[in-house]
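J.: Please construct the entire structure, taking both the sequences and the accompanying hints into account.
Each chain, written out:
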Amino acid sequence: MQCVLLGAVTELRATTHTIEFPYTRTLGPVIGSFFTGLRDRRILGIRAGDRVLVPPLEYDPETGDALKPDFVEVGPAGTVTSWSWVTKPTRKHPLDRPFGFALIRLDGADTAMVHAVDAGSIDRMQTGMRVTPRWRDERKGRIDDIECFVPEGGAA
Amino acid sequence: MAALKDVAIIGYAQARNERQAQATEVQFLFPVINEALEMSKIPRREIGFTCAGSCDYLSGQTFAFVMNLEAVGAWPPISESHVEMDGAWALYEAWVRLQHEDIDTALVFGSGKSSPGNPAEIYPLQMDPYTLTPLGFDPVSSAAIQARALLDAGKVTERQMAEIAARSRRDAMKNPYAQVTGEFDVDELLAQPYVTAPLRKHDLPPISDGACAVVLATGDKAREVCERPAWIRGIDHRIEAHQPGMRDLTTSRSTRLAGEAAGVGSAPIEVAELSATFTHQEPILREALGLGDQVAINPSGGALSANPVMAVGLARIAEAAKQIVEGGRRRTLGHATSGMCLQQNLVCVLEGEQ
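Read top to bottom, the protein sequences are chains A and V. At position 65 of the first sequence (counting the first as 1) the number is 58 in this note's numbering, and the numbers step up by one without a gap. Heads up: take any position in the second sequence, counting from 1, add 283, and you land on this note's numbering.
In short, the hints are calculated from the structure, not lab data. Hints may be right or wrong, so weigh each one.
[Claimed, not checked] Short derived list, chain A residues pointing at chain V, Cβ under 7 angstroms:
hint, residue
1, Ser77
2, Trp78
3, Met106
4, Ile136
5, Asp137
Note that the structure is a prediction, hence the values are computed from the model and not measured. Backbone N, C-alpha and C fix where the C-beta goes; we use that ideal spot for every residue, glycine too.
T.: Put into structure tokens, the structure is as follows:
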């Protein structure tokens, strides 16, 4: 690429600039424990009164009160309480083929968490269906350590 | 909260919504602000406070909102503020500011140019960064989950959703700012394939570039310049848990609480302009606000006929004000929402004097 500056022909130089956030941070005692659990293939909820919240929060959404880090292992299987069917996944979605986004209430939990369900076809999706996680072989302590959920009793 | 000091809407204007505006955001804001100020008869330099609502993520640039001040005229220096929210929340801030009584006018605007980006990839960035953003959980997918919950609960049918779309598009034919308008047959709409089941294209809002501006004035000032001001009799906003799986998605508790605090039920509402950006959200909002069949819902065509993100809620309030100022109505309501699946809601009750 060239441009003309004051009559002189000047070569434009291209430089590569990578935007980065060069720092690390702790996820705190609640989210941190949740993700450490995922790395070990365990899903943790937090007690909020009589309820178990999954994913765990640092506060009770009903009262705003801080919650003690009192964790309960839940799942790993659960029940779909509502769902949608994505026909054209974006490049940000967990799967590159049609899949369901679902609210999944894990066994032992009182709230539902969002995740993808690899059911193969919309015909296999229904409210109340049972699903179980498909774990990644290499887990990093992230929500997508669970690659997705699959219908219980046989992957798509 | 009930209104403490009398504040009224005395001017408003909107841009014609477009799928892809050729003008920049500040360029299409400029005439909108001029028009709202002209209607208010308040000289630009006499405006006591200016507050804007916009989203830097849509522009893809930090502090993009500062450039929008070019459309206001910020010299000599003005007193202004910005919310990274729909302009309806900018109106709320201006209403609070006017309660201080040292100024008597305010200019509020909301604007957004959604067309340059891909909303399905940008919006997940506003979600929980640990459990939702990494999944690319987008607004259409989350709305579809809410619609499914409503269908499963028997609170709405796909036909009723299509009827809401058809009515909105028909009503929008009379709205010069609307983007998706026309007569549509409900059976033909229902014959269309799902985009993200159970939502079809007509259940979704369009992608719009647009803007809205509103001018506020207190008591005597409003009466001095405006024949029939739209008085803000109550305004309130409430928020719920950010995890959609921790709420009952078939109801809107925050809307109900905001409506109660704004005094919706204390006298009949004639017209309600609701930010139902998906068809199935209209019955949720109607139920939460206790709006019966006698209430005209979204005569402008609502958010289903134009969805200028960051301006659509303020536009609902402007349309509700127009029903009083120009339409002679006695009592109307404007509603705005933020977050996924109606997470946060603002209700503004407006009244004209007899």
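J.: Compare the structure with each hint and give your call.
T.: Going through the hints against the structure:
Evaluation of the A:Ser77 hint against chain V yields a held restraint, the C-beta minimum of about 3 angstroms falling below 7 angstroms. Interface hint at A:Trp78: satisfied, since its Cβ lies 4 angstroms from the closest Cβ of chain V, which is below the 7 angstroms cut-off. This hint holds: A:Met106 has a C-beta 5 angstroms from the nearest C-beta of chain V, less than the 7 angstroms allowed. For A:Ile136, the interface hint holds, the least distance from its beta-carbon to any beta-carbon of chain V being 5 angstroms, beneath 7 angstroms.
Residue-level restraint check for A:Asp137 holds (minimum Cβ-Cβ distance to chain V is 5 angstroms; threshold 7 angstroms).
The structure is consistent with each of the numbered hints, conforming to all of them.
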